[in-house]
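Chains A and B, in that order, give the protein sequences.
Heads up: the first sequence begins at 1 in the UniProt record's numbering, then just goes up one per residue.
Heads up: the second sequence begins at 1 in the UniProt record's numbering, then just goes up one per residue.
Hints were generated in silico from the structure; no laboratory data involved.
All C-beta atoms in this analysis are idealised placements derived from N, C-alpha and C, irrespective of residue type, glycine included.
Mixed in with the good hints, there may be bad ones.
[As the list claims (entries may be wrong)] If you anchor each label on the Cβ, the simulated ranges turn out as follows:
hint, chain 1, residue 1, chain 2, residue 2, range
1, B, Glu198, A, Lys22, 53 to 63 Å
2, A, Pro271, B, Asn260, 31 to 41 Å
3, B, Glu198, A, Ala116, 32 to 42 Å
4, A, Val129, B, Lys108, 17 to 27 Å
5, B, Met191, A, Ala116, 22 to 32 Å
6, A, Pro271, B, Met191, 46 to 56 Å
[What the hints assert, rightly or not] Residues of chain A clear of chain B, computed beta-carbon distances all greater than 12 Å:
hint, residue
7, Lys177
8, Tyr293
9, Ala298
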Amino acid sequence: MAKIATREAYGQALAEFGEVYKDIVVLDADLSKSTRTEIFKKKFPDRFFNIGIAEQDLMATAAGLATCGKIPFASTFAVFAAGRAYDQVRNSIGYPHLNVKIGASHAGVSIGEDGASHQMLEDIALMRVIPGMVVLSPSDAASTYECVRLAIEHEGPVYIRLGRLGVEEIYKKGELKLELGKGIVLQKGTDVGILATGLMVHEAIKAAKMLQDEGISVYLVDMPCIKPIDIDLILDVAKMTGCIVTAEEHNILGGFGSAVSEVLIQNYPIPVKMVGVNDEFGRSGKPEDVLKYYRLTAEEIVNKAKEVMKMKK
Amino acid sequence: MDKAKELELKKIATEIRKSIIIQTAEAGSGHPGGSLSGVEILTYLYFVEMNIDPKNPKDPKRDRFVLSKGHASPLLYAVLAEKGFISKEELKGFRQIYSSLQGHPDMKKVPGVEMSTGSLGQGLSVANGMALAAKLDKKDYRVYVLLGDGEIQEGQIWEAAMTAAHYKLDNLTAFLDHNGLQIDGKITEVMSPEPVDEKFRAFGWHVIKIDGHDFNQIEKAVNEAKTIKGKPTIIIAETVKGKGVSFMENEVGWHGTAPNKEQAQKALEELQKQYEALEVQG
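Use the sequences and the hints to build the structure in full.
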């Protein structure tokens, strides 16, 4: 089966929704070939603005468009969207709660060869602490399409985390229906919960199979919506399994695992192990090699699952 | 501009100056210097030029104003109160807990505030976005933005300057409140942005230089900007920081310091005398 990167699905979704929602405008910062907003640009050249290599201007221009009723999708690499333009996202988009959607591609280490300067591992942390910011992290093409739809339908700022690497289909487009603030139960189980987001959902699916082959029952959840987070579902997993592993292509500090832990520690404290990058910057290499180097793998999820099961009271 | 009109505007400007002093004195904080320097510019825009209606602050056809130098909030609030967007009573709450008048303007809390500002360098980009939206929607409203001369040290201003020229935003007029001072001293000593006129011209803007306290020059410049096609206009307004209050004029210390009770009293007496002198004229 052909693999599709979530950034590719993002570009396609924008072009598709652009037909229906005439207020959608797309802005890019000289990366439209990479963020795939080029697909929208070709279809709707009048509603596409290339701001050049100027991410601060990109974000605040999007804010100005939003004050006039447009639905701007400000698109660039995650490292620039959440990092370089953080102040603009915070002050000109988040604080006035403007209807700007941030399409942040090339997140995580899986962009590979470009190395640490371009591998964004802090964006979930940075974006989820902005009051009112919705943070979405789709795992495949269909969930990306749904995330774009949710972003359009939600009034307010939304950050969509996208990857460069082609990934397999998990869901069929048209069959998946996402809700804001809801996770997707892939299977229920009783021995250990695995909650994953983005690219790591694919590894989590493999890990769940490996664990099941050893007779371990796994409650497996895809969490495309990091904020607002699905508290009810997290608690259901916690109560069913008594221990949880989180998996994300992000620094384990402040990221998805932290968000899950915040829910657990305040409501139903149970042991948690996190799979993610352990407070390090990325490095260059082939995407698959980099993912292995940082142990963003199914095998590591299996190891952590076994560890966390031993911690159950 | 006829004399009667000019006199009326001067009176409004003096009232606004009083309000800036009262707001900052009551709050015990705020930025009087750079608020006083922009008084004539905002007075002209709000009382002559802009198509705005306090009863319908969200009218899609309205002209937009962005206060990029958000620390001049007492100026904006005073103008909005004088125009009827907010009550004058509200001004007493400036910077106080439970008041909607935040230290820097919040568009979600105050009707008539078009953008939440305060982090310098972002307002020009926002104004670009508004001007782009007008072009997309084929609406003929205009967008105005007030920049500080220290503020243009922010790199984003020049990103936005490029964008405005690139997209030929002739429905955008920027004012530069060129008072020459910033918190740490003279702009030319801290980090000189000069020559600002040549810089903006090089970036593809139409540039007009005026005395920013002269209503006739402001009017002429605003009208000229409306005739310019295919490029944005910047009106470089030479102003005096602390204008109208003798002991505040050109004193860098009044950038972000509120007057105490006695100082406020003294300032208000001076402004009252200015007002009375205007009354004698008309």
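| Beta-carbon spacing of Glu198 (chain B) to Lys22 (chain A) - inside the hinted bounds 53 to 63 Å or not | This hint is violated: roughly 41 Å between Cβ atoms.
| Consistency of the no-contact label for Ala298 (chain A), given chain B and a CB cut of 12 Å | Per Cβ check, Ala298 (chain A) is outside 12 Å of chain B; nearest 43 Å; holds.
| task | Would you check whether the claim that Lys177 (chain A) is not at the interface survives, using Cβ distances to chain B and the 12 Å cut-off? | result | 32 Å, holds
| query | Lying within 46 to 56 Å: is that true of the beta-carbon distance Pro271 (chain A) to Met191 (chain B)? | reply | 53 Å Cβ-Cβ, so the 46 to 56 Å window holds.
| message | Against the range 32 to 42 Å, how does the distance between the Cβ atoms of Glu198 (chain B) and Ala116 (chain A) compare: consistent or not? | response | Once the Cβ atoms are compared, 40 Å apart, the range 32 to 42 Å for Ala116 (chain A) and Glu198 (chain B) holds.
| Against chain B, does Tyr293 (chain A) keep a CB gap of more than 12 Å to every residue? | 35 Å, holds
| message | Quick check: does the Cβ-Cβ distance between Pro271 (chain A) and Asn260 (chain B) fall within 31 to 41 Å? | response | Violated: the Cβ-Cβ distance is about 59 Å, outside 31 to 41 Å.
| said: Within 22 to 32 Å: is that where the Cβ-Cβ distance between Met191 (chain B) and Ala116 (chain A) falls? | reply: Hint holds: Cβ distance 31 Å, inside 22 to 32 Å.
| said: Please check whether Val129 (chain A) and Lys108 (chain B) have a Cβ separation lying inside 17 to 27 Å. | reply: Holds: the Cβ-Cβ distance is about 19 Å, inside 17 to 27 Å.
Going down the numbered hints, you'll see the structure goes against 1, 2, while the others check out.
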